[in-house]
Amino acid sequence: MLDIKNLHVAVGGKEILKGLTLSIAAGEVHAIMGPNGSGKSTLAYLLAGRTGYDITQGSVTYRGEDLNTLAPEERAAKGLFLAMQYPVEIPGVTTLTFLKTALNAQHRARGEKELDAMSVLKFVRKKAEALKVSEDMLKRALNVGFSGGEKKRLEILQMALFEPKLAVLDETDSGLDIDALKLVAEGVNALRSPSRAMLVITHYQRLLNYVVPDRIHVLAQGKIVAEGGKELAHELEAKGYEHIAGKAA
Amino acid sequence: MNAPVPNIFADAVDARSLPDWLSQRRADAVATLRTQGVPHRRIEEWKYSDLKTALEPANDSIAATAAWSIENVPTGVTLFDLADLSAAPEWVRAHFGKAAAAETVPAASLALAEGGFALHVARNAVVTEAVRVGLSANGHVRALVVLEDGAGLTLIEQQSAAGAFRNTGVEIVVGANARLTHVRLAQAAPNNVQIEDVAVRVARGGLYRAHLFTGGAELSRLTLRMTLKELGANAELSGVSVLGGSLHADVTTHVYHAAGETQSTQLFKHVAGGKSRAVYQGKITVAKGADKSDSRQTAKALLLGERAEADLKPELEIFADDVKCAHGAAVGDLDADSLFYLRARGIPEQEARNMLLRAFLREAVDDVADEAIRATLWQSVEDALPRAMVSAL
Amino acid sequence: MSSAARDTKKQVAELGEKYKYGFVTDIEMERAPKGLSEETVRYISAKKDEPDWMLQWRLGAFARWQQMREPTWARVHYQKIDYQNAYYYAAPKNTPKKQSLDEVDPKLLETYNKLGIPLHEQMALAGVAVDAVFDSVSVATTFKAKLNEAGVIFCPISEAIRDYPELVKKYLGTVVPVTDNFFATLNSAVFSDGTFVYVPKGVRCPMELSTYFRINASETGQFERTLIVADEGSYVSYLEGCTAPKRDENQLHAAVVELVALEGAEIKYSTVQNWYPGDENGLGGIYNFVTKRGDCRGDRSKISWTQVETGSAITWKYPSCILRGDDTVGEFFSIAIANNFQQADTGTKMIHLGKNTRSRIISKGISAGQANNTYRGLVSVHPKAANARNYTQCDSLLIGAKCGAHTVPYIEARNPSARIEHEATTSKIADDQLFYCLQRGIGQEEAVALIVNGFCKEVLQQLPMEFAVEAQKLVGISLEGSVG
Numbered sequence: 011m012l013d014i015k016n017l018h019v020a021v022g023g024k025e026i027l028k029g030l031t032l033s034i035a036a037g038e039v040h041a042i043m044g045p046n047g048s049g050k051s052t053l054a055y056l057l058a059g060r061t062g063y064d065i066t067q068g069s070v071t072y073r074g075e076d077l078n079t080l081a082p083e084e085r086a087a088k089g090l091f092l093a094m095q096y097p098v099e100i101p102g103v104t105t106l107t108f109l110k111t112a113l114n115a116q117h118r119a120r121g122e123k124e125l126d127a128m129s130v131l132k133f134v135r136k137k138a139e140a141l142k143v144s145e146d147m148l149k150r151a152l153n154v155g156f157s158g159g160e161k162k163r164l165e166i167l168q169m170a171l172f173e174p175k176l177a178v179l180d181e182t183d184s185g186l187d188i189d190a191l192k193l194v195a196e197g198v199n200a201l202r203s204p205s206r207a208m209l210v211i212t213h214y215q216r217l218l219n220y221v222v223p224d225r226i227h228v229l230a231q232g233k234i235v236a237e238g239g240k241e242l243a244h245e246l247e248a249k250g251y252e253h254i255a256g257k258a259a
Numbered sequence: 020m021n022a023p024v025p026n027i028f029a030d031a032v033d034a035r036s037l038p039d040w041l042s043q044r045r046a047d048a049v050a051t052l053r054t055q056g057v058p059h060r061r062i063e064e065w066k067y068s069d070l071k072t073a074l075e076p077a078n079d080s081i082a083a084t085a086a087w088s089i090e091n092v093p094t095g096v097t098l099f100d101l102a103d104l105s106a107a108p109e110w111v112r113a114h115f116g117k118a119a120a121a122e123t124v125p126a127a128s129l130a131l132a133e134g135g136f137a138l139h140v141a142r143n144a145v146v147t148e149a150v151r152v153g154l155s156a157n158g159h160v161r162a163l164v165v166l167e168d169g170a171g172l173t174l175i176e177q178q179s180a181a182g183a184f185r186n187t188g189v190e191i192v193v194g195a196n197a198r199l200t201h202v203r204l205a206q207a208a209p210n211n212v213q214i215e216d217v218a219v220r221v222a223r224g225g226l227y228r229a230h231l232f233t234g235g236a237e238l239s240r241l242t243l244r245m246t247l248k249e250l251g252a253n254a255e256l257s258g259v260s261v262l263g264g265s266l267h268a269d270v271t272t273h274v275y276h277a278a279g280e281t282q283s284t285q286l287f288k289h290v291a292g293g294k295s296r297a298v299y300q301g302k303i304t305v306a307k308g309a310d311k312s313d314s315r316q317t318a319k320a321l322l323l324g325e326r327a328e329a330d331l332k333p334e335l336e337i338f339a340d341d342v343k344c345a346h347g348a349a350v351g352d353l354d355a356d357s358l359f360y361l362r363a364r365g366i367p368e369q370e371a372r373n374m375l376l377r378a379f380l381r382e383a384v385d386d387v388a389d390e391a392i393r394a395t396l397w398q399s400v401e402d403a404l405p406r407a408m409v410s411a412l
Numbered sequence: 015m016s017s018a019a020r021d022t023k024k025q026v027a028e029l030g031e032k033y034k035y036g037f038v039t040d041i042e043m044e045r046a047p048k049g050l051s052e053e054t055v056r057y058i059s060a061k062k063d064e065p066d067w068m069l070q071w072r073l074g075a076f077a078r079w080q081q082m083r084e085p086t087w088a089r090v091h092y093q094k095i096d097y098q099n100a101y102y103y104a105a106p107k108n109t110p111k112k113q114s115l116d117e118v119d120p121k122l123l124e125t126y127n128k129l130g131i132p133l134h135e136q137m138a139l140a141g142v143a144v145d146a147v148f149d150s151v152s153v154a155t156t157f158k159a160k161l162n163e164a165g166v167i168f169c170p171i172s173e174a175i176r177d178y179p180e181l182v183k184k185y186l187g188t189v190v191p192v193t194d195n196f197f198a199t200l201n202s203a204v205f206s207d208g209t210f211v212y213v214p215k216g217v218r219c220p221m222e223l224s225t226y227f228r229i230n231a232s233e234t235g236q237f238e239r240t241l242i243v244a245d246e247g248s249y250v251s252y253l254e255g256c257t258a259p260k261r262d263e264n265q266l267h268a269a270v271v272e273l274v275a276l277e278g279a280e281i282k283y284s285t286v287q288n289w290y291p292g293d294e295n296g297l298g299g300i301y302n303f304v305t306k307r308g309d310c311r312g313d314r315s316k317i318s319w320t321q322v323e324t325g326s327a328i329t330w331k332y333p334s335c336i337l338r339g340d341d342t343v344g345e346f347f348s349i350a351i352a353n354n355f356q357q358a359d360t361g362t363k364m365i366h367l368g369k370n371t372r373s374r375i376i377s378k379g380i381s382a383g384q385a386n387n388t389y390r391g392l393v394s395v396h397p398k399a400a401n402a403r404n405y406t407q408c409d410s411l412l413i414g415a416k417c418g419a420h421t422v423p424y425i426e427a428r429n430p431s432a433r434i435e436h437e438a439t440t441s442k443i444a445d446d447q448l449f450y451c452l453q454r455g456i457g458q459e460e461a462v463a464l465i466v467n468g469f470c471k472e473v474l475q476q477l478p479m480e481f482a483v484e485a486q487k488l489v490g491i492s493l494e495g496s497v498g
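Chains as they are written, first to last, in our numbering: chain A, 11 to 259; chain B, 20 to 412; chain C, 15 to 498.
Any given hint could be a false lead.
Only pairs whose alpha carbons sit at most 20 Å apart, straight line, appear in this in silico DMTMM-like list of lysine to aspartate or glutamate [stated by the list, open to error]: (1) B:Lys343 <-> C:Asp445; (2) A:Lys24 <-> C:Asp341; (3) C:Lys471 <-> C:Glu460; (4) B:Lys311 <-> C:Asp445; (5) C:Lys183 <-> C:Asp63; (6) C:Lys416 <-> B:Asp341; (7) A:Lys149 <-> B:Asp385; (8) A:Lys15 <-> A:Asp76; (9) C:Lys158 <-> C:Glu173; (10) C:Lys442 <-> B:Glu280; (11) B:Lys248 <-> B:Glu167; (12) A:Lys137 <-> A:Asp126; (13) A:Lys88 <-> B:Glu370; (14) C:Lys369 <-> B:Glu325; (15) A:Lys161 <-> A:Asp146; (16) B:Lys343 <-> C:Glu437; (17) B:Lys302 <-> C:Glu435; (18) B:Lys311 <-> C:Asp446; (19) A:Lys161 <-> B:Asp356; (20) A:Lys240 <-> A:Glu196; (21) C:Lys416 <-> B:Asp313; (22) A:Lys161 <-> B:Asp354; (23) C:Lys184 <-> C:Glu277; (24) B:Lys302 <-> C:Glu437; (25) C:Lys442 <-> B:Glu334; (26) A:Lys240 <-> A:Asp224; (27) B:Lys117 <-> B:Asp39; (28) A:Lys123 <-> B:Glu370; (29) C:Lys369 <-> B:Asp352; (30) C:Lys442 <-> B:Asp341; (31) C:Lys416 <-> B:Glu280; (32) B:Lys311 <-> B:Asp341; (33) A:Lys149 <-> B:Glu382; (34) C:Lys442 <-> B:Asp313.
Read the hints as simulated data drawn from the structure, not as lab findings. Quick caveat, the model's predicted, so the values are computed rather than measured.
Please model the complete structure; the sequences and the hints are all you need to start from.
Written out as structure tokens, the structure is:
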């Protein structure tokens, strides 16, 4: 599904990722853990195609295609979804309108039939209930006045609506209390499937208690410095990043 | 005494026989024309709108009178045709032409127009049906709107895109606790010169609300001069300008807080594409002793074209200390984070830009309480957007 | 603090008294004949022993000036200046300077002490020859030695014209062209004093340069000309003015300050000025038509203007930055205080020409008594100036119900990628803020000074340390009697 080989990425002229290699197959859930400044969000933005993140070396292949040649909306239409750490507020654009526009844009790009307003509403309502996204939130401007938890739930709702092939979750747990975290984790787990891959980026091990990964990669100073199974998360929690990174050095 | 400044308006002044109550007012206006001349870009207030140059090709419209039409006169509203000034009722005699001599543009319409309309709403009459007035053809035209204490009215002013030159001079008197909602729609009129001066006086507890849509013209200038004369008088202004091609739109406002506990709010959004020019000059004056006044103003502009221009000048002139005044102005591009968010969810770039552009303008239209008016304003925006977006980025 | 401030005020008033009765000159002056003509220009040039190219430059300017018309200043009324009825050159004859502080009027010294002016500055102000006081290793000599070591040139402009003509020729008039405006043209013809600074490539000027350390420090001239050039990668911080009341028999000043920052260089220009406040009716304040402009000529260069001005002065032109190079930065930080009947008029222009340019404007205006404070600014982004960024914050603090504040910002954007943000607020000293201070034992005037300093903090932080301390005190003194 995703094949990253020796990836070097520079942001504003400064190299952040310094040779990252990683592979994820369909059906797998991988986690990337790392201290602040290690390049976690850089990887997330790079995969989604944000301007200002430049590949200086190496490659990223998504489902056989060179990701670098695709614009952000093209990546989305091809099933790549990024749940953002800080979802943006867009006053003047209602949530529902936004969802309909995005859904249909993706259908259009794939040559599929677009949905009418009624169908979208029905579709959205169905998925919204499980994530406790209220009708009111759907009518309000996108993310405006939403609490941290509400914003994250809306991100997961979108993931459920767009049915991506590769979902990248960038610190989805940041700023959430236990209850909100559980709800979000349930939503993520509900979307696990043999044809879908997930890349969960997190700083704390907490989320991984609920969204149990198949493999954990430790990112430090722009590179993967350690890898392991789910037990690695506990080891990190107990011993800290420096210890693990030190061990690898 | 300065020598008179030769100019196109002063030259067009003719002798007229007017009722006594009006002759002095007209004479004052003519005097203004002679001493001030036609504004040009070296006059600070007209820095971004060189009227003199735009009017240079002298033409017949300078002395003509433009046309006006009102479809409906609801109950509670009295309409008086200003063509026959000798029959003017008391409320016309009391107010008409009093605010004209201050500046050249209103002075010109008073001195040269031979017609116009006047509307009166009786004390405590709250009129629910809006009055729609259309202004068209070439020349000058006057208007007077008087709301007695406690009255209420919505006026929808539609400026026709046709007519090479039109100068509209409006005077509005809002009585104590009266409310006027003034909607002005001026669709794009390339090749034409459209100027308008609106002088408003608000009494105790009164409210003047204006919602503007400006599509621009070769030179388009709207001057809104509001005096919040007595305690608790308020003004609420919102407007959008959507320009493309070589259109120009100058919206200049001046709110004068003459008394305490007066409030004013302003929200203006401008979109300039192609090689158009959006201008906003918003001056707020708070007089000495106008304590507990509150004045807020926000003006934002978005440039869509490499050759478009936005000029913003929010001005504050404060002479009282126990007041709250704030203004903000910003020029920017569409927010990059928002753009990325939409694209990352599959919305193609152009469509994403369109969404954000509409979101930007929506804020200035959303606070219009009346749904029908909101829809009309928004329709004007939608109609004007394609031109603004031509050859945009 | 309060009583000291009261004393200071009294002394300043007394100085003013002396001033009113016709300045008692204890210094002999050498003057050019009255009036302004080609002869005057030649006289000045000759007195300064200038090379011919400089004389020609002046004459060219004078010829232009004769064709120009004085601009009318809308907001201010002043008596029409009779240019022929003034002296254009006055220099003290070789008067022996005082040998020690003992010879200076003790009252004057008291004033300086209360304002916290450092000893050596006091001496310079009082006309004491700095060298005479110290031993051979005088402060000034060490200072000059350090600068020489670094290769920094810091001298009067007349000296630079003689000793470094190539440098002067290369940069003079390139930021403020001779024909720029009426007063700049006049200045170009008759300037007689001023500072020249040149910082070589890669040099970080080892200390802050201040006018009073200028050797041969003379009275501030009527037509000062300053030129500061920071070569590639260099840094210099320059301080102008002082907190002692600036008194001068000349009512009209037309100075020109040009700053040139080459690639990667940075110039910091700070001004603390306490203008003569004028009489009780506010008349007699100084008209200061200064043209101050900085050219961020090279990429990645930076120019910052910081000013704290009190008293009554009406300025004609405003410190500006031309952001010519790519990735250049321009800053303007200002505190303007006007009390009693004073008028303050300040502002700035940020002209964005290059790519990725940034400018920041923080203006704090404080009005008290029946004073009026005006901020006038321009932020202009040219069509080719991609990715320009500006942030402007204009705050007005009104103390009392009889003063006024006027903010007039012009924003002109001609490039779609520009981001310009302007905010302005008006406030007063809240009763509860004052009460809180009083309740905690802080006296009324000190409380006002405290609150006002808080209001101005952002700008005060930009000043070099020594100036900042003086400026803070100045702020307190200027608002004497404004509350209660």
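Verification of the supplied hints:
1. In summary, the hint linking Lys343 of chain B to Asp445 of chain C is supported, as the alpha carbons are separated by about 15 Å, within the 20 Å threshold.
2. Between Lys24 of chain A and Asp341 of chain C the alpha-carbon distance is near 17 Å, which keeps this suggested pair within the 20 Å criterion.
3. Taking the CA atoms of Lys471 of chain C and Glu460 of chain C, the gap is about 16 Å. The hint holds against a cut of 20 Å.
4. For the hint linking Lys311 of chain B to Asp445 of chain C, the alpha-carbon distance of about 14 Å falls within 20 Å, and the restraint holds.
5. For the proposed pair Lys183 of chain C and Asp63 of chain C, the alpha carbon gap of about 16 Å is at most 20 Å, so the pair holds.
6. The straight-line distance between the Cα atoms of Lys416 of chain C and Asp341 of chain B is roughly 11 Å, inside the 20 Å bound, and the hint therefore holds.
7. Only pairs whose Cα atoms come within 20 Å are accepted, and Lys149 of chain A paired with Asp385 of chain B is accepted, the gap being roughly 14 Å.
8. For the hint pairing Lys15 of chain A with Asp76 of chain A, the CA-to-CA distance comes to about 11 Å; that is within 20 Å, so the pair holds.
9. Of the supplied pair hints, the one linking Lys158 of chain C and Glu173 of chain C holds, its CA atoms being roughly 15 Å apart against a limit of 20 Å.
10. Between Lys442 of chain C and Glu280 of chain B the alpha-carbon distance is near 16 Å, which keeps this suggested pair within the 20 Å criterion.
11. Proximity of Lys248 of chain B to Glu167 of chain B is assessed by CA-CA distance (about 15 Å); at most 20 Å being required, the pair is judged to hold.
12. With a C-alpha separation of about 17 Å, the suggested pair Lys137 of chain A and Asp126 of chain A falls inside the 20 Å cut-off, and the hint holds.
13. For the hint linking Lys88 of chain A to Glu370 of chain B, the alpha-carbon distance of about 18 Å falls within 20 Å, and the restraint holds.
14. Proposed proximity of Lys369 of chain C and Glu325 of chain B is supported: the alpha carbons are some 14 Å apart, at most 20 Å.
15. For a cut-off of 20 Å, the pair hint linking Lys161 of chain A to Asp146 of chain A stands: about 13 Å separates their Cα positions.
16. With a C-alpha separation of about 14 Å, the suggested pair Lys343 of chain B and Glu437 of chain C falls inside the 20 Å cut-off, and the hint holds.
17. This hinted pair checks out: Lys302 of chain B and Glu435 of chain C have alpha carbons roughly 18 Å apart, not beyond 20 Å.
18. Between Lys311 of chain B and Asp446 of chain C the alpha-carbon distance is near 16 Å, which keeps this suggested pair within the 20 Å criterion.
19. With a CA separation close to 15 Å, the supplied pair Lys161 of chain A and Asp356 of chain B stays within the 20 Å bound.
20. Proposed proximity of Lys240 of chain A and Glu196 of chain A is supported: the alpha carbons are some 18 Å apart, at most 20 Å.
21. For the given pair, Lys416 of chain C sits about 18 Å from Asp313 of chain B by alpha-carbon distance, which is consistent with the 20 Å threshold.
22. A C-alpha spacing of about 19 Å is found between Lys161 of chain A and Asp354 of chain B, which places the hinted pair at or below 20 Å, so the restraint holds.
23. Among the hinted pairs, Lys184 of chain C with Glu277 of chain C is consistent with the structure: their alpha-carbon atoms are about 16 Å apart, no more than 20 Å.
24. Between Lys302 of chain B and Glu437 of chain C the alpha-carbon distance is near 14 Å, which keeps this suggested pair within the 20 Å criterion.
25. For the proposed pair Lys442 of chain C and Glu334 of chain B, the alpha carbon gap of about 19 Å is at most 20 Å, so the pair holds.
26. For the given pair, Lys240 of chain A sits about 6 Å from Asp224 of chain A by alpha-carbon distance, which is consistent with the 20 Å threshold.
27. The hinted pair formed by Lys117 of chain B and Asp39 of chain B meets the criterion: a straight-line CA distance of about 14 Å does not exceed 20 Å.
28. Restraint check: the Cα-Cα separation between Lys123 of chain A and Glu370 of chain B comes to about 18 Å, which is no more than 20 Å; the hinted pair holds.
29. The hinted pair formed by Lys369 of chain C and Asp352 of chain B meets the criterion: a straight-line CA distance of about 16 Å does not exceed 20 Å.
30. Taking the CA atoms of Lys442 of chain C and Asp341 of chain B, the gap is about 7 Å. The hint holds against a cut of 20 Å.
31. With a C-alpha separation of about 18 Å, the suggested pair Lys416 of chain C and Glu280 of chain B falls inside the 20 Å cut-off, and the hint holds.
32. The suggested pairing of Lys311 of chain B with Asp341 of chain B holds, with an alpha-carbon distance near 6 Å, which does not exceed 20 Å.
33. Note on Lys149 of chain A and Glu382 of chain B: the hinted pairing holds, with a Cα-Cα distance of about 16 Å set against a maximum of 20 Å.
34. A C-alpha spacing of about 13 Å is found between Lys442 of chain C and Asp313 of chain B, which places the hinted pair at or below 20 Å, so the restraint holds.
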